[in-house]
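Residues 1 to 191 in the UniProt record's numbering are what the sequence shown spells out, letter by letter.
FYI, nobody ran anything at the bench for these hints, they're computed from the structure.
For clarity, every value in this text was computed on a predicted model and none was experimentally measured.
No residue lacks a Cβ here, since even glycine has one placed at the ideal position from N, Cα and C.
Mixed in with the good hints there might be a few duds.
Mimicking DSS-like on lysine-lysine, the simulated pairs with C-alpha atoms at most 25 angstroms apart in a straight line are [as the list claims (entries may be wrong)]:
| id | residue 1 | residue 2 |
| --- | --- | --- |
| 1 | K32 | K51 |
| 2 | K32 | K49 |
| 3 | K35 | K51 |
| 4 | K178 | K166 |
Restraint-style ranges between C-beta atoms, simulated for each label pair [unchecked claim]:
| id | residue 1 | residue 2 | range |
| --- | --- | --- | --- |
| 5 | F74 | T120 | 15 to 23 angstroms |
| 6 | A40 | N68 | 48 to 56 angstroms |
| 7 | S79 | L167 | 15 to 23 angstroms |
| 8 | F74 | A40 | 37 to 45 angstroms |
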Amino acid sequence: MKPKNESVRRQIIDAATELIIEYGVAGTSTVKVAKRINGAQSNIYSYFKSKEELISGVFLYHQSMMINAIEPVFDTTKSPQDLVADLVTELLLFADNHPASIQIISAFRAQPNLRSQLPTIADNQLLTEMFKLITRYQRDGIINQTPAEFIAEAIFSIVVNYSNAKLANESYAPKLTKEMVIQLITDFTFI
Numbered sequence: 001m002k003p004k005n006e007s008v009r010r011q012i013i014d015a016a017t018e019l020i021i022e023y024g025v026a027g028t029s030t031v032k033v034a035k036r037i038n039g040a041q042s043n044i045y046s047y048f049k050s051k052e053e054l055i056s057g058v059f060l061y062h063q064s065m066m067i068n069a070i071e072p073v074f075d076t077t078k079s080p081q082d083l084v085a086d087l088v089t090e091l092l093l094f095a096d097n098h099p100a101s102i103q104i105i106s107a108f109r110a111q112p113n114l115r116s117q118l119p120t121i122a123d124n125q126l127l128t129e130m131f132k133l134i135t136r137y138q139r140d141g142i143i144n145q146t147p148a149e150f151i152a153e154a155i156f157s158i159v160v161n162y163s164n165a166k167l168a169n170e171s172y173a174p175k176l177t178k179e180m181v182i183q184l185i186t187d188f189t190f191i
């Protein structure tokens with residue numbers, strides 16, 4: 001068996017990303033991915049044992065990119081309002097710079113049958129710390145009592161809608177500023 005090449009693995013992930021965005025998860029296959037990279041289907045299986053593993057690998061790749069983008073600003077010494085504003089700012093920048101990642105994460109999160117297969121909060125140290133902090137802020141009466149997971153979903157949905165409006169050149173998109181989005185999220189989140 002040939003040693004695995006990270007460049008080829010990335011080509012596979014990129015091709016699968018494009019296909020998922022174009023055709024959805026159900027419309028993506030290892031055959032289509034192989035055609036997209038002008039390779040053999042067996043080459044896909046050298047990197048991913050099954051379509052399910054490939055699909056999961058695509059999600060994990062994009063989720064990891066997003067987490068790496070927000071991790072540097074996760075500073076618990078900041079005020080809750082500043083911390084949320086900084087995290088949302090980084091998410092919006094990430095959405096601007098990596099719209100395909102936002103589309104992939106959103107596509108997976110939007111499918112109830114896939115949600116149970118996605119990594120949990122407990123699978124990532126940063127997410128675990130963030131949710132502990134949200135719980136503490138709720139206990140301290142700083143953040144509303146809506147379940148923390150729903151707050152996170154709502155924030156991400158707003159970021160997705162912001163990104164999609166810009167990508168689709170919606171008529172209102174030029175009027176939509178990051179500051180407006182941050183304020184909307186702040187108003188929703190804090191008591």
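Verification of the supplied hints:
Simply put, K32 and K51 have alpha-carbon atoms about 11 angstroms apart, close enough for the 25 angstroms limit, and the pair holds. With a C-alpha separation of about 16 angstroms, the suggested pairing of K32 with K49 holds against the 25 angstroms cut-off. Distance hint between K35 and K51 is fulfilled; the C-alpha atoms sit about 15 angstroms from each other, no more than 25 angstroms. Proposed proximity of K178 and K166 is supported: the alpha carbons are some 12 angstroms apart, at most 25 angstroms.
For F74 and T120, the hinted distance range of 15 to 23 angstroms is satisfied, since their beta carbons lie about 18 angstroms from each other. As the Cβ distance of A40 to N68 is approximately 32 angstroms, the hint placing it in 48 to 56 angstroms is violated. Checking the proposed 15 to 23 angstroms range against S79 and L167 shows it is violated: the Cβ atoms sit about 32 angstroms from each other. Range check, F74 to A40: Cβ separation about 42 angstroms, and the 37 to 45 angstroms hint holds.
The structure shown violates the earlier hints numbered 6 and 7.
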